[in-house]
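Visitor: Below, each chain spelled out in residue letters.
There are 2 protein chains.
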Amino acid sequence: MSTPGKALERLRQHLHTTRLLGSIHSTLYYDQNTVLPAEGATWRGEQLALLACQLHERQSSEAYAELVAEAEASLDADASPERRRNLLLLRRELERQRCLDPDLVGRLAQAQARGYALWQEARRSADFPLFAPALSELLHLRREEAGQLAVAEQGMGDLPRSRWETLAQRFEPGISEHLLEDLFTPLQQRLPALIRRVQEERGRSGAVSAIPAWDLAEEVQDDLCRQLLEEWGFDPGRCRRDRSPHPFSCTLGPQDFRITTRMVPGQPFSAFLATAHEWGHLLYEQGLPRGDDHWFPWPLGEATSMAVHESQSLFLECRLARSQAFAARWYPRFQGALGADPWGGAHGFWRDLNPMRPGLIRVEADELGYALHIVLRYEFERALLESELQVNDLPAAWNRRMEELLGVRPGNDAEGCLQDVHWSEGLFGYFPSYALGHLVSAQLAEAMERDLGPIEERLGRGEDQTVFGWLAERVWPLGRSVEAGELVERVSGAPLTAGPFLTYLEGKLERLAG
Amino acid sequence: MSTPGKALERLRQHLHTTRLLGSIHSTLYYDQNTVLPAEGATWRGEQLALLACQLHERQSSEAYAELVAEAEASLDADASPERRRNLLLLRRELERQRCLDPDLVGRLAQAQARGYALWQEARRSADFPLFAPALSELLHLRREEAGQLAVAEQGMGDLPRSRWETLAQRFEPGISEHLLEDLFTPLQQRLPALIRRVQEERGRSGAVSAIPAWDLAEEVQDDLCRQLLEEWGFDPGRCRRDRSPHPFSCTLGPQDFRITTRMVPGQPFSAFLATAHEWGHLLYEQGLPRGDDHWFPWPLGEATSMAVHESQSLFLECRLARSQAFAARWYPRFQGALGADPWGGAHGFWRDLNPMRPGLIRVEADELGYALHIVLRYEFERALLESELQVNDLPAAWNRRMEELLGVRPGNDAEGCLQDVHWSEGLFGYFPSYALGHLVSAQLAEAMERDLGPIEERLGRGEDQTVFGWLAERVWPLGRSVEAGELVERVSGAPLTAGPFLTYLEGKLERLAG
Chain A
1 MSTPGKALER LRQHLHTTRL LGSIHSTLYY DQNTVLPAEG ATWRGEQLAL
51 LACQLHERQS SEAYAELVAE AEASLDADAS PERRRNLLLL RRELERQRCL
101 DPDLVGRLAQ AQARGYALWQ EARRSADFPL FAPALSELLH LRREEAGQLA
151 VAEQGMGDLP RSRWETLAQR FEPGISEHLL EDLFTPLQQR LPALIRRVQE
201 ERGRSGAVSA IPAWDLAEEV QDDLCRQLLE EWGFDPGRCR RDRSPHPFSC
251 TLGPQDFRIT TRMVPGQPFS AFLATAHEWG HLLYEQGLPR GDDHWFPWPL
301 GEATSMAVHE SQSLFLECRL ARSQAFAARW YPRFQGALGA DPWGGAHGFW
351 RDLNPMRPGL IRVEADELGY ALHIVLRYEF ERALLESELQ VNDLPAAWNR
401 RMEELLGVRP GNDAEGCLQD VHWSEGLFGY FPSYALGHLV SAQLAEAMER
451 DLGPIEERLG RGEDQTVFGW LAERVWPLGR SVEAGELVER VSGAPLTAGP
501 FLTYLEGKLE RLAG
Chain B
1 MSTPGKALER LRQHLHTTRL LGSIHSTLYY DQNTVLPAEG ATWRGEQLAL
51 LACQLHERQS SEAYAELVAE AEASLDADAS PERRRNLLLL RRELERQRCL
101 DPDLVGRLAQ AQARGYALWQ EARRSADFPL FAPALSELLH LRREEAGQLA
151 VAEQGMGDLP RSRWETLAQR FEPGISEHLL EDLFTPLQQR LPALIRRVQE
201 ERGRSGAVSA IPAWDLAEEV QDDLCRQLLE EWGFDPGRCR RDRSPHPFSC
251 TLGPQDFRIT TRMVPGQPFS AFLATAHEWG HLLYEQGLPR GDDHWFPWPL
301 GEATSMAVHE SQSLFLECRL ARSQAFAARW YPRFQGALGA DPWGGAHGFW
351 RDLNPMRPGL IRVEADELGY ALHIVLRYEF ERALLESELQ VNDLPAAWNR
401 RMEELLGVRP GNDAEGCLQD VHWSEGLFGY FPSYALGHLV SAQLAEAMER
451 DLGPIEERLG RGEDQTVFGW LAERVWPLGR SVEAGELVER VSGAPLTAGP
501 FLTYLEGKLE RLAG
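Residue numbers (my numbering), protein chains in the order written: chain A, 1 to 514; chain B, 1 to 514.
No lab work stands behind these hints: they were computed from the structure.
Just so you know, not all the hints are guaranteed correct.
[Said to hold, decoys possible] Here chain B is said to cover these stretches of chain A; the calculated rule only asks that three of the stretch's residues, wherever they fall, bring their Cβ under 8 Å from a Cβ of chain B:
# : segment
1 : 60-74
2 : 238-246
3 : 334-343
[Stated by the list, open to error] Each pair of labels, with its calculated beta carbon distance range:
# : chain 1 : residue 1 : chain 2 : residue 2 : range
4 : A       : R58       : B       : A113      : 24 to 34 Å
5 : A       : E144      : B       : D235      : 36 to 46 Å
6 : B       : R243      : A       : G348      : 19 to 29 Å
7 : A       : E72       : B       : G106      : 45 to 55 Å
8 : A       : A73       : B       : G106      : 49 to 59 Å
[As the list claims (entries may be wrong)] Counterexamples of contact, computed for chain A against chain B with all Cβ distances above 12 Å:
#  : residue
9  : R19
10 : P37
11 : E144
12 : F257
13 : R258
14 : A397
15 : R400
16 : D451
17 : T503
Just so you know, even glycine gets a beta-carbon here, dropped at the ideal spot from N, CA and C.
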């Protein structure tokens, strides 16, 4: 028998090395997306696959299972709730890993690589039938995976879950279709009507409110992003910003946080808002409990869910950068940068930051339409997994549903059901986290305003740090000590609902129209 | 009994994975030296140490030894000389790895880390006694290492070597003190006199020939470096350039070549010449036999020695970028970039590119003084390893010898025996490769001129690609099929001597003075 301290220390060392390997993987990924020459891609793929193998081996090996069991056996009556929860989370992940047939894991990896390659080609040529067989194969394998994972879940005493729910657990622990119905139904009921109202008002006001097209040079946009990050606490001692084809952020080590910028011609707010968004992710990462040996490299030092992660990035993007007070502060800078004023004042500038115009493309959607893009994907994911919708029928169904929900109809599948990368890699269960991020962000904002007064007023006084301070105290240090639902309830005092988000959105639309 | 094909294929796969791990290490190193935030350094150190352990394990494990033995056993009478040589090189490296006491390897790694940290502090404060104990410890451990390596060498039937020779084999296979005496003695005999002559001439011509100080903005220097690389075949599809505190180049994969630039205030040629130099390294790397499965990942696909590597970088730096014809081509561009002409013509510009002024610092030395910096270090390395010189006596001996060889005397140890990083990491045996690079470069240039006519004329006609083509055909594809000495002999028709370098230098000095 080993002492509790020794068993835990052995396990901690194992987890530490796993983190090292994981962060090496992230470093290769960052290099790949910022500086890797095109022809280096094949070799980089081999490097990443090698590390993925090593990581999977470490996380499912018999030796690791013994370390976890030994640590569990060493728990005595005095063990802290944090220690118990760390071991519980490790045990759940281990069981999920170990119930998977290694053969399935290999076939999935191959199908993902093939799916991604075919999807790229299919999207380029707007040719869904080219991608359809790969999507069918991925759905087939994920159904198989869900079946194997369900065995592990039953073994751990979980209530039975649908396939979709089982697959979504890795992104959103505790998520259920029941909860999503409660949250998404009000969105489906209210948002389409709001969209129609905004469209009608826009029709009435006509050209009067139209803002002439404008654009900013890349280096000017880059400098505005730099200024934004500087004001929001970007510390070059532990942060780094580069350019990449798609904006993203990632953590490469406990003191190494990366963020990237992309400039989109004709979309001069794109880089600025994406910078705000990605910095929200990175502030959360920087605020996670990492410094203390009790947390890092244990699970409690991680983000609790994708929705909570997204709530933090959306908080900075929508609650701060797209707010009226913030727009008033940045209006003179954009005016100076552009050397012109196409907005006719700060209110026009704010409206430009919030077009509230439904479109076909999810990643270009604003607060008004975004959640409906997700509702649609969530519906189809479930229908596809349960074989209620045939893969070949997806394009027509997609286009019909887009029209119902958002009032727009794709001209081809590249701007329809082929637009997102997720399904090409077999990621089913991920999309709802994006919409949940909006809801969580809104509910946290209400709680924050109870403590700090209106956020707009704080921003108007330049007290952004007070806002960050609240998040840093109330949200970020929770790590995985609670799941997303508990986090919201603990911080806001009530279970998550769609109410705060809809109330916020209606108020904002009124002010934008006024 | 396994078939020869299978044994070789198993070994090839093992080597392939070793390459993947090695290149992951290089990627982390590149990121570290270009973008890593300062506070990320500790974690990066842990990542690198983890990979170093994995690499050492792969290269010395019993499993690997069995793979090599199996492949050797599978060699039949028909086996190609290339295959035999690949296995021979692997066997030699394996024997060297395996004769080392793992405990010594660990102690060395620690002493290197400690030595590097102390050296940094000692250099900052020009305080040699602070570093002296670490240097003594490193010498002690390297002596021990040389003793263990000697056992492996004897086992392989090598003739006995001195400690210095044994340690230098990993950088310069086949190197001997006898050979270096033959090569360095003429340098010691001729270079100091040449230096005195240049100094005297400079004294006589006085202020007339002095070029007023000038400098270029960073972005202007950066653009000149970009132009240079573009002209010399920089392919963004497989190459990438970034900024770093020290210029370097490295290969991250078979189709992924990186080079960095540093701008030094007050030294407007520094970045330009360093770019030429590093590109020489990278052209060699790109020209190594990598495309063919028979070579990569086998040893024959590697550079054969540090001296040959350095000869290629020096060829581009000194034979091309510092040449008169090249200066004439670039003079108008520098004039345009500066918006002034401090040189009073192309000849003055060429002279400015070739100051031929001995100084205290090796990395700032030009063709005239460089080799003497190396002669001095080589003498002291041997004396220290054989305990003929005590560590505490090094600073005084260094300063005395600098004055004899180069006519300059350090004002403190930071610009004296503390200037180089190598010894702080226990790298003994490396320095001579730098000077050999000059000699090899000169001898290859003579051979090239026999084939192509005067290089200056080729450059004058903008036929740089013809020069590269010759190297690409005659030098780069040899990989490790031959050692450095054989390479020189095969390409130039004669064993390496100091003659071509001295002849070249004397000619150049005359033309510079004229």
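Visitor: Determine for every hint whether it applies to the structure shown.
Guide: Verification of the hints:
no.: 1; hint: 60-74; verdict: violated (count 0)
no.: 2; hint: 238-246; verdict: holds (count 4)
no.: 3; hint: 334-343; verdict: violated (count 0)
no.: 4; hint: A:R58 <-> B:A113: 24 to 34 Å; verdict: 26 Å, holds
no.: 5; hint: A:E144 <-> B:D235: 36 to 46 Å; verdict: 44 Å, holds
no.: 6; hint: B:R243 <-> A:G348: 19 to 29 Å; verdict: 40 Å, violated
no.: 7; hint: A:E72 <-> B:G106: 45 to 55 Å; verdict: 33 Å, violated
no.: 8; hint: A:A73 <-> B:G106: 49 to 59 Å; verdict: 32 Å, violated
no.: 9; hint: R19; verdict: 9 Å, violated
no.: 10; hint: P37; verdict: 5 Å, violated
no.: 11; hint: E144; verdict: 30 Å, holds
no.: 12; hint: F257; verdict: 8 Å, violated
no.: 13; hint: R258; verdict: 8 Å, violated
no.: 14; hint: A397; verdict: 41 Å, holds
no.: 15; hint: R400; verdict: 43 Å, holds
no.: 16; hint: D451; verdict: 31 Å, holds
no.: 17; hint: T503; verdict: 40 Å, holds
Of the numbered hints listed earlier, those contradicted by the structure are 1, 3, 6, 7, 8, 9, 10, 12, 13.
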